[in-house]
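J.: Sequence:
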Amino acid sequence: MITSPKLSNYRNASLLTFLSTVVTICNKFDVEALKINTEVAKIATDVESLEALFSLAKKNDNTESLENLDTRRDAATLSIQGIVECYARHFDKSYEDAAKAILKTFARHGKGITRQVYRDQTATTRSLINDFESDAIVSTALNKLHLTEWVQELKLANEAFDAVYVARNMELSVQPDQNFKDKKTMAIEDYRRLIDVLKAFNIINPNGDYDKILKALNELVLKYNV
0 MITSPKLSNY
10 RNASLLTFLS
20 TVVTICNKFD
30 VEALKINTEV
40 AKIATDVESL
50 EALFSLAKKN
60 DNTESLENLD
70 TRRDAATLSI
80 QGIVECYARH
90 FDKSYEDAAK
100 AILKTFARHG
110 KGITRQVYRD
120 QTATTRSLIN
130 DFESDAIVST
140 ALNKLHLTEW
150 VQELKLANEA
160 FDAVYVARNM
170 ELSVQPDQNF
180 KDKKTMAIED
190 YRRLIDVLKA
200 FNIINPNGDY
210 DKILKALNEL
220 VLKYNV
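Counting along the sequence shown from 1, when you hit position 225 you're at 224 in numbering that gives the first Met the number 0, and nothing is skipped either side.
If you are wondering where the hints come from, they were derived from the structure by calculation, not from laboratory data.
Among the clues, some could well be false.
[Claimed, not checked] Taking CB as the label site, the calculated pair distances span:
#	residue 1	residue 2	range
1	Ala51	Arg88	39 to 49 angstroms
2	Asp96	Arg191	22 to 32 angstroms
3	Glu47	Arg107	28 to 38 angstroms
4	Arg88	Leu221	38 to 48 angstroms
5	Asp195	Ala51	25 to 35 angstroms
6	Ile203	Lys92	26 to 36 angstroms
7	Glu50	Glu148	32 to 42 angstroms
8	Ile202	Lys27	20 to 30 angstroms
9	Gly207	Thr113	38 to 48 angstroms
10	Ala166	Ile202	42 to 52 angstroms
11	Glu63	Ile136	31 to 41 angstroms
Just so you know, even glycine gets a beta-carbon here, dropped at the ideal spot from N, CA and C.
Please construct the entire structure, taking both the sequences and the accompanying hints into account.
T.: Structure follows, in structure tokens:
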């Protein structure tokens with residue numbers, strides 16, 4: 000059973016992050032092969048339109064800071080990964096083993112962390128850091144490869160990003176716009192269309208990927224409907 004999202008009750012910022020996550024979930028699959036590329040593209044366009052309505056004529060300080068902090072945490076994430084991947088080919092097995100332990104931790108959090116939408120990347124990065132700090136083996140491995148300062152840099156950048164992200168979204172949520180309601184209604188209709196298409200194709204041409212997408216979207220709705 001698919002739970003219906005209470006989209007009309009979502010705050011503006013929450014609606015944006017919800018729809019962005021919907022697009023992210025779908026794009027993890029071959030949307031063209033599943034014949035849902037048109038529906039997913041429409042929602043992506045809806046997100047862009049809604050975000051544009053939030054934008055001020057001139058960028059505010061929070062938006063610029065957000066971009067800078069995102070670049071900073073991306074650099075830390077990619078640097079840690081790059082260094083670890085080099086050590087994974089080290090001639091000393093103890094360094095190789097340490098690197099592989101860290102890479103396994105990265106793997107548990109999925110690929111392309113730095114390509115995730117803002118909200119997802121913040122949560123994934125926080126979870127990754129928690130594993131780095133709570134797993135004794137991984138913590139020891141990071142220390143061996145002299146990466147503890149890099150992890151601290153990633154942690155500081157991610158938390159700073161989250162603080163600014165929350166502040167910016169609070170500002171965006173109170174930005175008035177005459178067209179927002181119409182755009183919001185359109186986005187809700189496009190989301191419902193996507194669900195209808197997924198369910199229909201899953202009946203006509205059963206495919207495990209349809210089930211996976213529907214399940215993931217249902218879990219997302221349950222989180223937002225709380």
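J.: Take the hints in turn and mark each one as holding or not.
T.: Outcome of the hint check:
The beta-carbon spacing between Ala51 and Arg88, approximately 46 angstroms, falls within the hinted interval of 39 to 49 angstroms. For Asp96 paired with Arg191, a C-beta distance near 50 angstroms fails the hint of 22 to 32 angstroms. Between Glu47 and Arg107 the C-beta distance comes to about 32 angstroms, which sits within the given range of 28 to 38 angstroms. Remark: the range hint 38 to 48 angstroms for Arg88 to Leu221 is upheld by a beta-carbon distance near 43 angstroms.
One distance hint, 25 to 35 angstroms for the beta-carbon pair Asp195 and Ala51, holds here, with the actual separation near 27 angstroms. A hinted range of 26 to 36 angstroms is violated for the C-beta pair Ile203 and Lys92, which are about 53 angstroms apart. Here the CB-CB span from Glu50 to Glu148 is close to 35 angstroms, well matched to the stated 32 to 42 angstroms. At about 22 angstroms, the beta-carbon gap between Ile202 and Lys27 stays in the expected band of 20 to 30 angstroms.
Gly207 and Thr113 have their C-beta atoms about 28 angstroms apart, which leaves the hinted 38 to 48 angstroms range violated. Against the hinted window of 42 to 52 angstroms, the Cβ-Cβ separation of Ala166 and Ile202 comes to about 45 angstroms, which satisfies the hint. For Glu63 and Ile136, the hinted distance range of 31 to 41 angstroms is satisfied, since their beta carbons lie about 40 angstroms from each other.
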